[in-house]
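Residue numbers (full-length UniProt numbering), protein chains in the order written: chain U, 1 to 413; chain Z, 1 to 722.
Simulated from the structure, these hints should not be mistaken for laboratory data.
Computed from a predicted structure; not experimentally measured.
Every residue gets a Cβ at the ideal spot worked out from N, C-alpha and C, and that includes glycine.
Be careful, since some hints might not be right.
[What the hints assert, rightly or not] Mimicking DSS-like on lysine-lysine, the simulated pairs with C-alpha atoms at most 30 Å apart in a straight line are:
1) Z:LYS309 <-> U:LYS335
2) U:LYS250 <-> U:LYS25
3) U:LYS335 <-> Z:LYS73
4) U:LYS335 <-> Z:LYS160
5) U:LYS21 <-> Z:LYS309
6) Z:LYS650 <-> Z:LYS660
7) U:LYS335 <-> U:LYS21
[Claimed, not checked] Simulated coverage check for chain Z against chain U, where a stretch passes if three residues somewhere in it have a Cβ under 8 Å from a Cβ of chain U:
8) 159-169
9) 278-289
10) 293-302
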Amino acid sequence: MNALVNEFIIKLKKRKIEGSKATAKLTAEVLRSCISQKRLPHTHQAAALIDAIRTIGEKLIAANPVELAIGNIVRRVLNIIREEDVSLTAAAVGGLAVSAGSDDEDDFKQDDHPGLSAAAVAAAARSTLRPPSLQTLLEDIPQSTAVPHTSSSGGDSEGKSKSADKNSKSRKLKHNVIEAVNELIQDIVTCHEQIAEQAVEHIHHNEVILTLGNSRTVMEFLCAAKEKKRSFRVFVAEGAPRYQGHALAKELVARGLQTTVITDSAIFAMISRVNMVVVGAHTVMANGGVIAPVGMNMVALAAQRHAVPFVVLAGAHKLCPLYPHNPEVLLNELKSPAELLDFGEFSDCLDFGSSSGSPLLHVVNPAFDYVPPNLVSLFITDTGGHNASYMYRLIADYYSADDFVVKQIDVLK
Amino acid sequence: MVAKKDAEEELARTPLQAIILADSFTTKFRPITLERPKVLLPLVNAPMIDYTLAWLESAGVEEVFVFCCAHSKQVIDYLDKSNWFGQPNFSVTTIESHNAISAGDALRLIYEQHVIRGDFILVSGDTVSNMSLSQALKEHKERRRNDSNAVMTMVIKQSKPSPITRQSRLGTEELFMVIDPETKQLLYYEDRVDNLIGYLSLDKALLTDNTSISLQNDKQDCYIDICSPEVLSLFTDNFDYQHLRRDFVKGLLVDDIMGYKIYTHEIHSSYAARIDNYRSYDTISKDIIQRWTYPLVPDVQFFGNSATKLERQGMYRAPEIKQSRLSKIGPFTVIGTGTSIGINTEISNSVVGEGCSIGANVTIEGCYIWDNVTIEDGCKLKHSIVCDGVTMNSGAALEPGVVLSFKVVVGRNFLVPAYSKVSLLQQPIKQDSDEELEYADNSSGIPEVPSISGTLDKLNEEERTELPDSQEYDVGDGGVGFIWLVSEGGQEEELRHSVAPIPVDKLVAIMQITKDEVDIPNEDGSFLPPSGELGPDSITNDSNEDAEDIRDDSIIFEREVEATFQRAVEEDVTDDHVILEVNSLRLSYNMASADCAGALFYSVMKLALDAPHDSPNELYKNVVTTVSKWKKLLKYYLPSIDEEIEVILKFEEMCLESAKEYSPLFLQVLHHLYDQDIIQEEAILDWASEKEGAEESDKVFVKQSEKFIQWLKEASEEEEED
Numbered sequence: 001m002n003a004l005v006n007e008f009i010i011k012l013k014k015r016k017i018e019g020s021k022a023t024a025k026l027t028a029e030v031l032r033s034c035i036s037q038k039r040l041p042h043t044h045q046a047a048a049l050i051d052a053i054r055t056i057g058e059k060l061i062a063a064n065p066v067e068l069a070i071g072n073i074v075r076r077v078l079n080i081i082r083e084e085d086v087s088l089t090a091a092a093v094g095g096l097a098v099s100a101g102s103d104d105e106d107d108f109k110q111d112d113h114p115g116l117s118a119a120a121v122a123a124a125a126r127s128t129l130r131p132p133s134l135q136t137l138l139e140d141i142p143q144s145t146a147v148p149h150t151s152s153s154g155g156d157s158e159g160k161s162k163s164a165d166k167n168s169k170s171r172k173l174k175h176n177v178i179e180a181v182n183e184l185i186q187d188i189v190t191c192h193e194q195i196a197e198q199a200v201e202h203i204h205h206n207e208v209i210l211t212l213g214n215s216r217t218v219m220e221f222l223c224a225a226k227e228k229k230r231s232f233r234v235f236v237a238e239g240a241p242r243y244q245g246h247a248l249a250k251e252l253v254a255r256g257l258q259t260t261v262i263t264d265s266a267i268f269a270m271i272s273r274v275n276m277v278v279v280g281a282h283t284v285m286a287n288g289g290v291i292a293p294v295g296m297n298m299v300a301l302a303a304q305r306h307a308v309p310f311v312v313l314a315g316a317h318k319l320c321p322l323y324p325h326n327p328e329v330l331l332n333e334l335k336s337p338a339e340l341l342d343f344g345e346f347s348d349c350l351d352f353g354s355s356s357g358s359p360l361l362h363v364v365n366p367a368f369d370y371v372p373p374n375l376v377s378l379f380i381t382d383t384g385g386h387n388a389s390y391m392y393r394l395i396a397d398y399y400s401a402d403d404f405v406v407k408q409i410d411v412l413k
Numbered sequence: 001m002v003a004k005k006d007a008e009e010e011l012a013r014t015p016l017q018a019i020i021l022a023d024s025f026t027t028k029f030r031p032i033t034l035e036r037p038k039v040l041l042p043l044v045n046a047p048m049i050d051y052t053l054a055w056l057e058s059a060g061v062e063e064v065f066v067f068c069c070a071h072s073k074q075v076i077d078y079l080d081k082s083n084w085f086g087q088p089n090f091s092v093t094t095i096e097s098h099n100a101i102s103a104g105d106a107l108r109l110i111y112e113q114h115v116i117r118g119d120f121i122l123v124s125g126d127t128v129s130n131m132s133l134s135q136a137l138k139e140h141k142e143r144r145r146n147d148s149n150a151v152m153t154m155v156i157k158q159s160k161p162s163p164i165t166r167q168s169r170l171g172t173e174e175l176f177m178v179i180d181p182e183t184k185q186l187l188y189y190e191d192r193v194d195n196l197i198g199y200l201s202l203d204k205a206l207l208t209d210n211t212s213i214s215l216q217n218d219k220q221d222c223y224i225d226i227c228s229p230e231v232l233s234l235f236t237d238n239f240d241y242q243h244l245r246r247d248f249v250k251g252l253l254v255d256d257i258m259g260y261k262i263y264t265h266e267i268h269s270s271y272a273a274r275i276d277n278y279r280s281y282d283t284i285s286k287d288i289i290q291r292w293t294y295p296l297v298p299d300v301q302f303f304g305n306s307a308t309k310l311e312r313q314g315m316y317r318a319p320e321i322k323q324s325r326l327s328k329i330g331p332f333t334v335i336g337t338g339t340s341i342g343i344n345t346e347i348s349n350s351v352v353g354e355g356c357s358i359g360a361n362v363t364i365e366g367c368y369i370w371d372n373v374t375i376e377d378g379c380k381l382k383h384s385i386v387c388d389g390v391t392m393n394s395g396a397a398l399e400p401g402v403v404l405s406f407k408v409v410v411g412r413n414f415l416v417p418a419y420s421k422v423s424l425l426q427q428p429i430k431q432d433s434d435e436e437l438e439y440a441d442n443s444s445g446i447p448e449v450p451s452i453s454g455t456l457d458k459l460n461e462e463e464r465t466e467l468p469d470s471q472e473y474d475v476g477d478g479g480v481g482f483i484w485l486v487s488e489g490g491q492e493e494e495l496r497h498s499v500a501p502i503p504v505d506k507l508v509a510i511m512q513i514t515k516d517e518v519d520i521p522n523e524d525g526s527f528l529p530p531s532g533e534l535g536p537d538s539i540t541n542d543s544n545e546d547a548e549d550i551r552d553d554s555i556i557f558e559r560e561v562e563a564t565f566q567r568a569v570e571e572d573v574t575d576d577h578v579i580l581e582v583n584s585l586r587l588s589y590n591m592a593s594a595d596c597a598g599a600l601f602y603s604v605m606k607l608a609l610d611a612p613h614d615s616p617n618e619l620y621k622n623v624v625t626t627v628s629k630w631k632k633l634l635k636y637y638l639p640s641i642d643e644e645i646e647v648i649l650k651f652e653e654m655c656l657e658s659a660k661e662y663s664p665l666f667l668q669v670l671h672h673l674y675d676q677d678i679i680q681e682e683a684i685l686d687w688a689s690e691k692e693g694a695e696e697s698d699k700v701f702v703k704q705s706e707k708f709i710q711w712l713k714e715a716s717e718e719e720e721e722d
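All chains should be built: construct the whole structure from the sequences, respecting the hints.
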């Protein structure tokens, strides 16, 4: 298990894994294998599991603090463990309540509140763990029906064999968690498709769409609209200094889309002809701000100036529960200047031997831009379109407030 | 065919191997390397070998053999501790030797161990790079398939040498390479330019054998070689090969019997450089801080280095730094973990290691301060290297280029002079010959210095007790350490390879010297002034230098014209052909037509002079005959008065310098030229009036021809009157 984690950490440290989607998927897979190999004690299983994931998660986050998707996935997995634990306890209590009703001499620890119904316990536990979200408030009814269902199944197992109960429960927790993590991985893999499905609602006939750089999500989104027989044109800003826009243009043309490549500096000149800007993101922060490839803020400002809708596509794994003012969020990464200019050409500008000894030429190559929330018109995630001000609510659905800080403070003190 | 394919697959299956030479076999980092091997010296707070290993690992190398020689135990201990040995898919094996004194010996030893099975990467343990090897390897394998003699691929990178110092930014000598632009084959390699004194001679065969060659001096040798197994056996066959470049590469290039070929692979966007001397240590550190080596930068934990955060303006700060609010930390600075910095201290363009304590009012500029260094209040440091455990008492100062080796203590208010090297160990008194010095790290270094620092201290104490008289330290009050003397003539070397930039006045001096060097072959008598004597005032000579350059050209041109003329006389070439030839010479040397006239006239007069004669009279007769013979030719080059004046001046010069026999005949010859209509009276008059303002000594011939000029003047006046 350690070897696997270490290998992943080394890869992260060396910046060998690029792109938040790939990172998210690999993180989830590593955590899944950690969970499946973890031997759990008989009591406080969930706590033990949470601790284990936390320690690993902390290392993973430290390995590449810039890639916020790692932290997101670690928090998601922690949340999954908590939820599964709650639903299992609810089931157990439910079963207990059933058995207590039938058979009074059974003595269990939970005897102090025998009158509580299983559903009430579960709801109470849920509400302590997680603030009520819009989703849960709206879906109140199906949830309450779901709880008795699980409780009855729990009651069944209880009835079958009491001695094997603990064992099966531990296996059940692990099993359920792994199932849920599998679902998470599935979600990460298919988030493109989920987002792309919504494309027809946003792209209309004869529109001009502008995008910057290369994002897989954006490409799928545009192609989905094309497949639905929408005819529109795409302007691709090349995205200096990595010029990933070139790759995107190639791909779009291969799929039969009318594509125009422009330089980043021409964005302002072209924006008045554009109907909508569609871009990908590196991370979406809790306040609705976006960390995106460098140059994005310029596009957002240009779009605002000409009142062009600025739409950001982001899979759920890109939603980060942290705020950009948080000190532990390292917002940027400076890449090698070699991407900007040829070292050989400038080697005489960087000769420290015969000048003052301090370099006169500095080259700065940041990887990301921060786009403030007021510049974003719409977020499109797997679950639909959302306003920037709604992001914190969405995030509350995916993460438990206890996990916002993954770092274990008690360890430091 | 099938067998060949199998073999190819076999080749592909063998894991990619690399040899790291964890010893540079030079003494450029002395005295530091007497106590610690070069590959373990910290480069921006991480040992150099970590950079090399981290790069090899990320480039997909699977097996690495680290060849340790000097201080081998320290290297092995370090690798043990830093768990490089326990990496998945990356095996590190050490090979230890105590008697290898060169890279050649090392490779011979590795050959004997039969561990290299296929193509391998050969680097030294002080290489910093982030290049991807896949492309170079592919090219290498491709060439190998077509030609089994292509044994090596050298990695090169564009980097212009400084026009003034003639050295690359890494402090190495300007490198000349001849490369076939089509095949990228290396045909010529010369890295010791000081031997050449401005000239480069290439084998004529290079031009006949290749359709095109390109001679390049703007490439830097990265010292990353992709070698075939044959390279090892070649070293074994040629037991006198020591140096990788000087012996091996040049040997292969010169020797065309075996027909082995070396190719080059140029990298563009990625970085590769080797730390060869203090200058390259400085340059590469700055490159790392400026992130050219990404992802091998301080804020990425590429291996075992502590977490560091990059702040604005390229400031890297590790956690747990105690920094006074009044201290100023400038851009492009790295501060290590647990360092404390006092009030009003200024640090710029520097690297400070872990656990250092820096007092108040300290100025640190362009320095490399390693771990656990104590710098007390009011110290001033400029462009220096300060090793582990050094203590600088308050008020001490380091001038540019100083190197303080391990645990040196600098006394209160002591000023360490520029470019001095201070160590606890005394400088080896025995002066090795040049050859031995190259490899002295082993021959004399090891017996003197045990590799473990603990015993080293003991040894020092022993020394101290043994030699109480000579143990007077020379680094001030309360200081501990010896200042090493710079050997005679090493000053220049010191300057070029130091961490400190070359001061402006020295640059001017170097510029002077390089210009003189170019002049030597032409100015027979001139000598090279010793480097130290040329001060900053020599800048005033610059314009003269330029003028001299032009004069040199004209001397060569004159000789050419003379040779052409001589040939014309001997072979009886017609005037037209001579004119043609002289014109082409004029164009190629970019001369004015006046120069042609002068040169040609000189040649004519020389011919007359060379003809046998006993008395001035006979000489005059010679002149008359030759001039009349070549009159047409001379006339062709004298279309206007300017050229004619030039001819007179030339003649005057001849009389004064090269052909003194003419001086009594000056007037006669001039008169004859006038009679022959070669020179008109205006030219003579102009010449005379030009000379009026000249010094007395210059007027000899004007006086001689005074009467003639007088006569001419009267004649012209008469004409005007008419």
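**Request:** Could you check the structure against the hints above and give me the numbers of any it violates, in ascending order?
**Result:** 3
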